[in-house]
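Asker: Top to bottom, those sequences are chains A and B.
Under the UniProt record's numbering, think of the first position of the first sequence as 1, with each following residue one higher.
Under the UniProt record's numbering, think of the first position of the second sequence as 1, with each following residue one higher.
For the record, the hints were derived by calculation from the structure and aren't laboratory data.
Remember, predicted model here, so these are calculated numbers, not experimental data.
Using N, Cα and C, we set each Cβ at its ideal position, and we do this for glycine too.
It is possible that part of the hints are untrue.
[To be verified] Beta-carbon label-pair distances, calculated as ranges:
hint, chain 1, residue 1, chain 2, residue 2, range
1, B, 169, A, 38, 12 to 22 angstroms
2, A, 328, B, 352, 22 to 32 angstroms
3, A, 23, B, 126, 35 to 45 angstroms
4, B, 339, A, 182, 29 to 39 angstroms
5, A, 328, B, 342, 25 to 35 angstroms
6, B, 160, A, 167, 21 to 31 angstroms
7, A, 17, B, 201, 33 to 43 angstroms
[Unchecked claim] Where chain A lies over chain B, by a calculated footprint (3+ residues, C-beta under 8 angstroms):
hint, stretch
8, 206–217
9, 239–246
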Amino acid sequence: MIDGLSRWTVIAITASVAVLWIALGVVFPDSWAGVTLSVAASPGTHTAMLRLAVPIALAAIGGIFAEKSGVINIGIEGLLIVSAFSAVIVTFWLGSGESTFAVSHHWWGLLAGVLVSTLFALLFAVVCIEYKADQIIAGLALWLIALGLAPFVSRIVFDSPNTGNVGTFDNVTIPVLSEIPLLGYLLFDTPPQVYLMFGAVLVGWYVLNWTSFGRWVVASGENPKALDTAGVDVRKVRYAAVILSGVFAGLGGAGFALGQLGTFAGGGETDMQGRGFIAIATYLFANYHPLGALAGSFLFAGLDAFQLRIQNIGYAVPSELIRTIPYVTVILVITFVGKTRLPDAAGENYESGED
Amino acid sequence: MAQNRRRFLTGAGVAGLTTLAGCVGGFGEDADTEFNVGMIYASGGLGDNSFNDMAQSGIEDAQDEFDLSYDQAEPDDEGEFDGHQRDFAEGGEYDLITCVGFAQEDALAENAPEYPDQNFMIIDTAGIEEDNVRNYVFDEPGGSFQVGHLAGLLTAEEFSAGDGETNPDEDVVGFVGGVESPLIESFEAGFTAGVEYANDDAEVISSYVGDFNDTSGGQEAALSMYQDHGADIVFHAAGATGVGVFQAAESEGRFAIGVDSDQSLEEEDYADVILASMVKRVDEAVYTAVESIVNDEFEGGETEELGLEDGGVEAVYGDTIGDEIPDEITEQVDQSRQELIDGEIEVPDDPDDV
Chain A
1 MIDGLSRWTV IAITASVAVL WIALGVVFPD SWAGVTLSVA ASPGTHTAML
51 RLAVPIALAA IGGIFAEKSG VINIGIEGLL IVSAFSAVIV TFWLGSGEST
101 FAVSHHWWGL LAGVLVSTLF ALLFAVVCIE YKADQIIAGL ALWLIALGLA
151 PFVSRIVFDS PNTGNVGTFD NVTIPVLSEI PLLGYLLFDT PPQVYLMFGA
201 VLVGWYVLNW TSFGRWVVAS GENPKALDTA GVDVRKVRYA AVILSGVFAG
251 LGGAGFALGQ LGTFAGGGET DMQGRGFIAI ATYLFANYHP LGALAGSFLF
301 AGLDAFQLRI QNIGYAVPSE LIRTIPYVTV ILVITFVGKT RLPDAAGENY
351 ESGED
Chain B
1 MAQNRRRFLT GAGVAGLTTL AGCVGGFGED ADTEFNVGMI YASGGLGDNS
51 FNDMAQSGIE DAQDEFDLSY DQAEPDDEGE FDGHQRDFAE GGEYDLITCV
101 GFAQEDALAE NAPEYPDQNF MIIDTAGIEE DNVRNYVFDE PGGSFQVGHL
151 AGLLTAEEFS AGDGETNPDE DVVGFVGGVE SPLIESFEAG FTAGVEYAND
201 DAEVISSYVG DFNDTSGGQE AALSMYQDHG ADIVFHAAGA TGVGVFQAAE
251 SEGRFAIGVD SDQSLEEEDY ADVILASMVK RVDEAVYTAV ESIVNDEFEG
301 GETEELGLED GGVEAVYGDT IGDEIPDEIT EQVDQSRQEL IDGEIEVPDD
351 PDDV
C-alpha cells in the first residue's frame with residue numbers, strides 16, 4: 001500500500017470506475033463501454049476464465065506452501081511443464097479413451113503427471129535443503145531443465161517438439177443444478193480440473209491455517225530456530241512443504257494438460273506460457289493467502305479470456321496492446337494493493353545446531 | 001488389462017531404445033557424393049509438421065534425384081544462426097547452404113559478403129542482394145486469398161461434412177494469427193480479401209494469440225469466434241497454436257483451415273474438420289535451388305517468387321472431407337485462382353489495405 005492512499009480509497013476508486021462502466025454500458029449498449037461489458041458478462045468469458053485459472057491457482061497454492069516454509073520455489077513453472085508433459089505422454093502410452101482398473105487412462109495420466117512433478121520437487125528440495133544450494137539459482141535450473149527436457153523427450157517419442165493428441169476430460173454436468181443461472185454453468189457444468197482447483201485451494205487454505213502442520217510451515221519460514229527449539233525438525237517440515245508444492249503444481253499442470261490442451265506444444269515457452277511465473281505474482285499480491293491467490297488467478301485468467309474476445313470485436317486498438325491488458329493489470333494491482341511481507345527466513349538455508 | 005500393461009511396457013521399451021538410437025545416430029555419412037548441401041533450419045526445429053519438415057522433404061527429394069548428400073543444423077534460437085552459417089561456409093565443402101526462414105536474414109546479410117564463393121539460398125525474405133545469395137519468397141496473400149474465397153463461399157451455404165457443419169444464419173469466418181509480423185499479417189490480408197471477394201456481407205474476425213506454441217490460446221480465441229460470433233470456418237497461421245484452433249472446431253462441430261502443409265494429413269486426428277490447407281511448397285524452393293546448382297545454373301542476387309501459377313502456394317482440399325465441398329464452389333475457387341495468376345485480382349499484403 002503506497003502512502004497517502006488508504007485501502008478504502010483504492011476500493012472506492014475501483015468501485016466507482018466499475019459502476020460508471022456498468023452504467024455507461026447498460027445505457028449505451030453500442031458504445032465501447034457497452035460492448036466490453038457484454039464481453040465481460042458473457043458465459044463464454046466466464047467458463048474460459050475458470051479453465052485458464054486452473055494452472056495458475058494450483059501453482060500458486062504450491063508456491064505458497066514452499067515459500068511459507070522458507071524455500072522460495074521460483075521453479076514452479078518447471079513443475080507445471082514436467083507435469084503437463086508427462087501427463088500427456090503417459091496417457092498417450094496407455095492409450096487414450098480406454099481404461100485400466102475401471103479408471104480412465106486420463107486419470108492415470110493425471111496421477112503420473114503429479115508423481116513426476118512431485119519427484120522434481122523432491123529433487124529441488126534435496127538440492128536446496130540437503131546441499132544448501134541458492135534457492136533462486138536452483139529454481140531457475142528447475143525451470144530451464146523442464147524447458148529443455150519436455151521437447152527433448154517429445155522429439156524422441158513423437159519426432160517433434162509437440163506431442164500427439166490424447167483428447168481431454170469431458171465436462172462434468174450435474175443434472176438440475178446445472179440449470180441454475182450463472183452458478184449452474186460455472187460450477188455444475190465444468191471440466192473436472194476446475195473441481196480439482198476449488199478442492200485443492202480449500203484443502204491448501206485449511207491445512208495452512210487450521211492444522212498444526214500449517215503452523216509448523218509458517219514457523220519454519222518465520223523463525224526456524226524457534227520451531228527447532230520446540231522440538232520440530234525444520235528440515236522435515238521444509239521437505240514436506242516443497243514436496244506439497246510439487247503435488248499442487250502437478251495437479252495444475254496435469255489438470256490443465258488433460259482437461260484443456262489434450263496435447264503439449266514443447267517449442268519456445270511451451271504450452272505453459274509462463275503461467276507459473278504469473279502464479280508467483282498472484283500469491284505475492286495475495287500476501288500468501290490461498291483464497292486471495294485463487295481470486296488473483298481469476299483476475300489474470302479472466303482478463304486473458306477478455307482480451308482474446310476484445311480482439312475479436314475488431315477495435316482499431318493494436319492487438320499487441322490489447323494482449324498486454326492482463327500483465328499491466330497485474331503490475332498495477334501489485335503496486336497499489338500489494339502489502340506483501342515475505343516470511344523472515346524465506347530464501348535462507350537453516351542450519352540446525354545439533355550436528 | 002494384461003494387454004494394457006504389455007502396451008505400456010512396449011511403449012516404455014521403444015522410448016528407451018529410441019533414446020539410445022538418438023545418441024548413436026546423427027553423425028552423418030561421409031560425403032563422397034558429387035554435391036553437398038548444408039541445411040540450417042528455422043528455430044522451431046525439425047518435427048514441426050510444417051515449415052522445417054517441408055524444407056527437409058525438399059532436400060530428401062533432391063537426394064533421391066541427384067548424387068547428393070546433406071548435413072543439417074537445428075538452431076535453438078536466433079543467436080545461433082550466425083555460427084551455423086559460418087561453420088558451414090568456413091570449410092568450403094558445401095555447394096549450397098540453405099537458410100530456412102526470414103529470421104536468418106540479418107546473419108546472412110553479414111556472412112554472404114565474407115564468403116563470396118559460397119552459394120546460399122534463403123527462404124521467406126527478399127532482402128539480400130548479394131551475388132551469391134538467391135532469395136525465395138512465397139505469395140502468401142495469393143494462397144490465403146484462395147482459402148478465403150473458399151471460406152467466404154461456404155459460410156453462406158448450408159454445408160456439413162465430417163464432424164463439422166456451417167452456420168447458415170451468420171456469414172462470419174475467423175482468422176487466428178500467431179505473432180503479429182508483416183509475414184503473418186499478409187496471410188490475414190489475403191484471407192480477408194478472399195472472403196470479401198466471395199461475399200460482400202461476410203465478416204472476418206481476427207485475433208493474434210501472441211505465440212506459436214500456445215495451444216490453449218488458439219483454442220480460446222477460436223472458441224470465442226465459434227460461440228460468441230457464430231463463425232463457422234476459422235483459418236489459422238499460428239504454428240502449434242493452430243492445433244488449438246482444430247480442437248475448438250472439433251468440439252464445436254465447425255470447420256478450420258490449416259496452413260503451410262496439408263494439415264489434414266499431418267494432424268489426422270482433426271481431419272474431420274479441416275476443410276483445406278493453404279500449402280506453402282517450401283520443399284519446391286529447396287528442390288529448385290539444388291537443381292539449379294546441379295545444372296550449374298544457380299543465379300544469386302535475385303529473388304524468386306513462388307506463387308499460385310507454379311504451385312508454390314495453393315489451396316489443398318482436406319484429405320477426408322475436401323471431396324464433399326460442392327463442385328460449383330471449387331469451380332469458383334479455381335476461377336479466382338486463374339484471375340489471380342492473370343493479375344485481374346490485386347491482393348493486398350497488409351490487413352489495413354483490405
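Asker: Look at each hint and say if it fits the structure.
Answerer: Here is how each hint holds up against the structure:
1. 169/B - 38/A: 12 to 22 angstroms: Given range 12 to 22 angstroms: holds, Cβ gap about 19 angstroms.
2. 328/A - 352/B: 22 to 32 angstroms: holds, 25 angstroms
3. 23/A - 126/B: 35 to 45 angstroms: At roughly 53 angstroms between Cβ atoms, residue 126/B and residue 23/A fall outside 35 to 45 angstroms, so the hint is violated.
4. 339/B - 182/A: 29 to 39 angstroms: At 52 angstroms between Cβs, range violated.
5. 328/A - 342/B: 25 to 35 angstroms: For residue 342/B against residue 328/A, whose Cβ atoms are near 49 angstroms apart, the range 25 to 35 angstroms is violated.
6. 160/B - 167/A: 21 to 31 angstroms: Roughly 22 angstroms apart at Cβ, these two residues keep to the hinted range, so it holds.
7. 17/A - 201/B: 33 to 43 angstroms: 38 angstroms Cβ-Cβ, so the 33 to 43 angstroms window holds.
8. 206–217: holds (count 12)
9. 239–246: This one holds; 5 residues, not fewer than the three required, reach chain A with a Cβ under 8 angstroms.
Checked against the numbered hints listed earlier, the structure breaks hints 3, 4, 5; every other hint is satisfied.
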